[in-house]
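J.: Could you build the full structure based on these sequences and the hints that come with them?
Here the protein sequences line up with chains B and R, keeping their order.
Start counting the first sequence at 1; every next residue gets the next number (my numbering).
Start counting the second sequence at 1; every next residue gets the next number (my numbering).
Keep in mind that the hints were calculated from the coordinates and are not lab data.
On a predicted model such as this, the values are computed, not experimentally measured, just so you know.
Fair warning: there could be bad hints in the mix.
When the alpha-carbon atoms are kept at most 27 Å apart in a straight line, the in silico DSSO-like pairs for lysine-lysine are as follows [as the list claims (entries may be wrong)]:
{"no.": "1", "chain 1": "R", "residue 1": "K89", "chain 2": "B", "residue 2": "K302"}
{"no.": "2", "chain 1": "R", "residue 1": "K68", "chain 2": "B", "residue 2": "K302"}
{"no.": "3", "chain 1": "R", "residue 1": "K89", "chain 2": "R", "residue 2": "K46"}
{"no.": "4", "chain 1": "R", "residue 1": "K130", "chain 2": "R", "residue 2": "K182"}
{"no.": "5", "chain 1": "B", "residue 1": "K16", "chain 2": "R", "residue 2": "K94"}
{"no.": "6", "chain 1": "B", "residue 1": "K132", "chain 2": "B", "residue 2": "K89"}
{"no.": "7", "chain 1": "B", "residue 1": "K67", "chain 2": "B", "residue 2": "K112"}
{"no.": "8", "chain 1": "R", "residue 1": "K182", "chain 2": "B", "residue 2": "K302"}
{"no.": "9", "chain 1": "R", "residue 1": "K123", "chain 2": "R", "residue 2": "K68"}
{"no.": "10", "chain 1": "B", "residue 1": "K89", "chain 2": "B", "residue 2": "K67"}
{"no.": "11", "chain 1": "R", "residue 1": "K89", "chain 2": "B", "residue 2": "K16"}
{"no.": "12", "chain 1": "B", "residue 1": "K79", "chain 2": "B", "residue 2": "K158"}
{"no.": "13", "chain 1": "B", "residue 1": "K59", "chain 2": "B", "residue 2": "K105"}
{"no.": "14", "chain 1": "B", "residue 1": "K105", "chain 2": "B", "residue 2": "K158"}
{"no.": "15", "chain 1": "B", "residue 1": "K98", "chain 2": "B", "residue 2": "K158"}
Each chain, written out:
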Amino acid sequence: MSLFVNSWRIIAAAWKHFSRNLWLALTTVFVLVLSLLSVNVLLGVNVLLSNAVRQLEDKIDVSVYFKSETPVAVVEQAKFFMTSLPQVKDATVVTAEKALEDFKKLHADDPKIMSALAELDQNPLGAVLIIKARQTTDYPFLLEALNNPQFDFAIESKNYDDHSDTINRVRDISRSVQVFGAVLIAVFALFSILIVFNTIRVAIYTQREEIGIMRLVGASNAFVRSPFVLEGVFLALFALGVTSVAVYSAAVYVDPRLGGMFDGANAGLVAYFTAEGWRLALIEGGVLAGLVALSSWAAVGKYLKK
Amino acid sequence: MITLENVSKIYYPNVHGLTNINLTIQPGEFVSVVGQSGAGKTTLAKLLIAEERPTRGKIMIGGWDITKIPARDVPFLRRQIGVIFQDFKLLPQKTVYENVAFALEVAGIPSRRIREVVPQVLKIVGLDEKAARFPRQLSGGEQQRVVIARSLVHRPRVLLADEPTGNLDTINTREIIELLQKINAFGTTVVLVTHNREVVNSLRRRVITLSCGQVAADHAEGKYLLPS
Ligand SMILES: Nc1ncnc2c1ncn2[C@@H]1O[C@H](COP(=O)(O)OP(=O)(O)OP(=O)(O)O)[C@@H](O)[C@H]1O
Ligand SMILES: [Mg+2]
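T.: This is the structure in structure tokens:
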């Protein structure tokens, strides 16, 4: 018995089942697409939220304002000390001159401030040291470390905003989205399995004569069963194709439109789905095809018992 | 050789299909099985192709104990026993040729071999000229001959026919029985279940009479004994 001959006959039979009940097949594909979409929408929302958190975390820093007239050496020493701490990712100095320049630029339209500045014969601003930590949890430690007798006398004030309210709110949203999404996916997965089961039952019903004859003339159970299982896999792959196109198009459409919420040019959806696309397709397609095949297998099973 | 030892079949919940059947059928025999409606003839046929399992007893076919044959082995049994039923069971959307080829396809026979075998068996049943027709374009007798052709593709050692002429007129019946005799002459064991008195009496071969699930008579050159 030739495996190749059989495979070809099984594929041909599966394709025939599929095309015979075309409308039913398309409806099934539609439901499968819905369940795949629910997975991908959840993934997309997760990407958006984690990008938002990352962006917020990027904004966190400690600004240390030195008194005016503080010697550059003291500021540099503070910078050197802070940079040497393993928790510090980055420390930059804005010199007093640069700070003044920035200040002037910012208030160029305000004649009152500009004239007040002109009255002064020296720079009222001191240097600023901007420190970024590697992790958001390191900031309390850094603030503590700044109380260093070598330079703390020169510090005018410290400014630290951890955005923790916003970050916590985003994290909360993220958690609810995940719970809600998981429930949605479970519901759709269940629907998919039931719908596929039903579709295959109908396919079996329309083929019942043929199956009866097949069994009568000595077709093996595997031969009777395989086309139906394969039909299920066809449905799954078809749904995967439709979903891939839909998800990618949606990402391309949505990405720049969400740009406003992110300081960057886009929300990072296209980047995510481009980078992970194949892996996602493989996993989602694999899981769906597996479930569908199992469901089809079970649907034929009852018919073959005897 | 087919042997049944103390075979009983009880259908759920408590219908006695067959009770304590003991039979031996030698290779090459032509056996008619007769009996009134409900006597258990179809039950006997179904036991032989493992569509039903016996409740008690032992069934052997060609040295193969099929009493508790596992489902995965049933297809191999079916390829050794050709089956013909009263309702023809042809696929209406396939041609004569395709209907016959179908039995080989599902058994995984290579296409080249199928192209050899199908014309051969169609010739045996005299339908080689009508290979391209659809079942609806054939007479009842011709349709039944297609079924016989299909049952022959695996060169079965046993041909089991359950009322193959039940839907046919006298002439077509005659043709089918002659065909079965021809197949039997090639060495194939034929088991024919029938209600037809003329057929049984003209055959002059072994007749097994079933009554209420039991063997009531078994004569080597038997006659149709039942009241009509
Ligand atoms: N699947 C089944 N479940 C329950 N009882 C059954 C089943 N099949 C057959 N029977 C019963 O078993 C008995 C024998 O039936 P069987 O079909 O073998 O009769 P038969 O001799 O072929 O009759 P006929 O000449 O009408 O075809 C009958 O009483 C029938 O009602
Ligand atoms: Mg019967």
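J.: Each of the hints needs a verdict: does it hold here or not?
T.: Evaluated hints:
1. R:K89 <-> B:K302: 22 Å, holds
2. R:K68 <-> B:K302: 20 Å, holds
3. R:K89 <-> R:K46: 16 Å, holds
4. R:K130 <-> R:K182: Judged against 27 Å, a Cα distance of about 20 Å means the pair holds.
5. B:K16 <-> R:K94: 14 Å, holds
6. B:K132 <-> B:K89: Judged against 27 Å, a Cα distance of about 6 Å means the pair holds.
7. B:K67 <-> B:K112: It holds: about 24 Å lies between the C-alpha atoms, which stays within 27 Å.
8. R:K182 <-> B:K302: 40 Å, violated
9. R:K123 <-> R:K68: 37 Å, violated
10. B:K89 <-> B:K67: Given that 27 Å is the threshold and the Cα spacing comes to 24 Å, the pair holds.
11. R:K89 <-> B:K16: 20 Å, holds
12. B:K79 <-> B:K158: 14 Å, holds
13. B:K59 <-> B:K105: Judged against 27 Å, a Cα distance of about 22 Å means the pair holds.
14. B:K105 <-> B:K158: 23 Å, holds
15. B:K98 <-> B:K158: Holds, at about 18 Å.
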